[in-house]
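Trainee: Listed in order, the protein sequences are those of chains A and B.
Note that the numbering used here gives residue 393 to position 393 of the first sequence, counting from 1, and the numbers run on in steps of one.
Here the numbering used here = 1-based position in the second sequence + 798.
Derived from the structure by calculation, the hints contain no laboratory data.
The structure displayed is predicted, hence computed values, not measured ones.
Be aware that one or more of the hints could be misleading.
Below, computed lysine-lysine pairings styled on DSS-like, alpha-carbon distance capped at 27 Å [what the hints assert, rightly or not]: (1) A/K24 to B/K920; (2) A/K388 to B/K920; (3) B/K841 to B/K867; (4) B/K937 to A/K24; (5) B/K920 to A/K128.
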Amino acid sequence: MSAPHRVVLCVALAGAGTALAADKAVQETNDYYRRPLDQLLQVETQAKAAVGSRGGARDALDAEVPIDIITAAQLQSTGQPDLQRALAMLVPGFNAPRPSITDGTDHAPPFTLRGLSPDQVLVLVNGKRLHQSSLLHNNGTVGRGSSGVDLATIPLRAIERVEVLRDGAAAQYGSDAIAGIINIILKGYGQRSQATVTYGRTGEGDGITRQGTLFHTLPLAGDGFVNLTAEWRDRGATNRAGPDVNDGGRINTHFGDADTQDGLFALNAELPRGDATLYLHGLYDRRRSSAGAFYRTAGDDRNIAALYPDGFLPRIEPKILDFSATAGVRGVLDDGARWDISYTHGHNDYHFYVNNSLNTSLGLATPTSFDSGATRNTQQILNADFSKKIGRHTVAGGYEFRQEHYRIFKGDAASYMLGSADNFAYGAQGFPGFSPENAVSAKRQAHSLYGDLKYGVTERLILDAATRAEHYSDFGSTLNGKLALRYRATDDLLFRSSVSTGFRAPSLSQSHFSYTGTYRNSNDAAAQFWGNFAVDHPVARALGATDLKPEKSRHLTLGMVFQPSSQLTASADVFVTDIHDRILPTGYISAYSLSSLSPQAAAVLAQNNIDGAVYFTNAIGTRTRGLDLRLDYSRQLENSARLKLVAAYQRSRTRITEVNQAPEVLGVNMTDLILDPFTRVLIEGSQPADAIKLWSRYSQGIYDLVLNLNRFGKFYSVSAYDRVAFSAKWTLDAELCLRLAKDVSLALGAVNLFDARPDKWGRTDDSLVGAGKVIQYSQYAPFGYNGAYYYLRLGVSF
Amino acid sequence: MFPGLLGLMLLLQAPWAWAGDEERKLEAVFIGRFASYIEWPAKPRDRFVITLLDDNPFGSLLDDLYRDKRIHNKPIELRYATRLEQVGETDALFITLASSAARAAAIDHAQRNGILTISEAKGFAESGGIIQLDFVEQKARIKINHAAALKSGLRIGAPLLTIATVLRGDKP
């Protein structure tokens, strides 16, 4: 074919594609035009999300970055009692394992996106940053060495939808938005009041859950509203511990979900006045929780047989108080420019109590209950935003001031002290308290300036550019940028790509966490210390610790969206995320654990009576690569039934690509200092390599049937320095919801209907972990190890 | 490669304004469907006129949709105005003005001229607009200020009133 002919052909094809797409839109609209009015009110439109753009909400075919929108109906149909577990069943790449015997982590378990760390996800509520928990995950769980947001503090029935942005967005939102953003939208205008009670239990008869929620909406003038949600959630413990061969084959340990009671409250209110709207939202959660530590048998050195003749299981029973509140005003000017000024306060207090325990070193004078101290995190944010549409372009910008305050409070003296009755077993067994030396109060401030430009090159090609400059009082300044392109080839087809840089500010808990213990050898003149030291502690400094730098990231996303009809949307995105200077705790720095430790470092330890030390450092770089596939399908069937289907696949893989220089004073390299097999597997293999989610709902007449099929991919754990593979597993959740009357519904459901379990450990040399031993499942198992769970839910709208 | 690039450039430069999302399609449909359930005082016009005031979020969709339609047995004429002064004689006014003061002026004009007003702005019906369209949890909802309709001399048919939230007083 000659060149002129090819030109004509291309032009003709382009024109034909455009015309066909336009015809289809008109055809669909004509189809709506012929329907009765009441049927039009039943049409479910495509969900829209505002996150990732300051230009307003948009649907999948208009989004320059990949976003999942999880509706309230989806969340509620999972049968899960809290938001974190519900998202784990619906969002591919959202990983929420259920660790046990991990101190504080049992009671506020971590979650991750795309196999990264819990603190590499930014969580927003109604677009405003939500504070992180003060708990530092300090055991061998996914997320070790990080502090994340506790999603279980948000009542599920206060939520209208959850927007999950699957792209780096620190150039728009600041620190933490590396793996993505979770934006939780609380129920707003136009809702109905609702009361719900739920009862559930596992197939083994434990984990009894009782939940009652009242959502009440009060309409105000001008389409304003006050929405209140109150919830009581009582989730019983589960136990999948095996027999303890060292204790006569008894099941003496608790390995499973903690016994947890939450009292939750949520408020969302808007009061419009002319072109301005006063808004207020808040969350409150008071949690009591109880879980076991490792069992101390009767003959254990840490036991006092006169107190516990059969041994004892220390119980870690924290009280957690978490609340946040945002108040603000937003409005529109005569020229259409929008503005928004807000203040947000967040607070998390994690107070450790230990019961059914003892301090062995105090002998028979020991108490059996302890106050082991607390950690607290508060955050205050002042924010001012503006945006203005100019034709098909949008300019936006703003300023943000953030202050963070992290504190550690000491426990009572018996919880941490080393008495004279025993040289080694100091403090409260199960969770020794924070000592006065650990107490800290650290603050920092951050100022941010940011700007966004959405530039419509043509109606089809949109360019989004964003930049954000921040100054932190502790580590200095950052400047990040993002460039996204969105090209709508036809009315059905969108191509999108974004490149950006990002960062995560080191958390105050990583910089200032200090948790040390003591022991005394018989020939020691003074007690020996060991544990975690803050990076500014003189001992840590002498061992080479420096102020932490921010983690820095680079992102590339490339994808497409295909929407051949309003009923079907499919998307595919590939992504690459590079992170430099990731912050990790060092290995245990001691003369006996690091054979090549320098004499100078050994002398520092000896001079300070320290057995060994751990501190946080910028240690490694990683590359995460992956693929996301999505398919949304809905259809009105002949018999007035409706079918909705959401299918998703995600694959991501993280590899360590850089290892920073270890502090010279230690005389060891960073690989020996940090990257033991356990840590390497934790970063590269502890989270599922892939996930499949297939959620479907069939509605007809008086019932809805929901089926949710999940495949949790293969993951790895470590036993005796060897990597152990745990195979992928399928689970199926099912719920049948009957509308007994116009405003009354009854749901019967099963989570993990066919009682799937993760692989058990094989044979090991470990005394507690392995086949037939106390701990039979990996802490990393992505859907827990409870097995099947059944529930009934009654809902009344009014 | 050159022809492909040329095709791409043509696509990029095409004066394209697509229908937008599903909500827009439903809104476009509702404008005409509402009108068919409303009775106006007799007007000596041979066309049914729908005017959009301020931004046009529909692209060419309204023109495409209403090209071959009739309302009250009249062919439909679509007009686009950016200022209230540009709104001439019309039967229905779809208002996208961002400012509440500008919307109030448009409502006032419409009431004095027997015009049906429709908007998706929050508080529209309470502030004297006749029909407010909302989307809550991905479904359309209709709010009608019946008193405002009567004040404008419009009669709204029962089939429309039965599926809407009807404001009969000042309370929300």
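Trainee: Checking against the hints above, which ones are violated?
Mentor: 1
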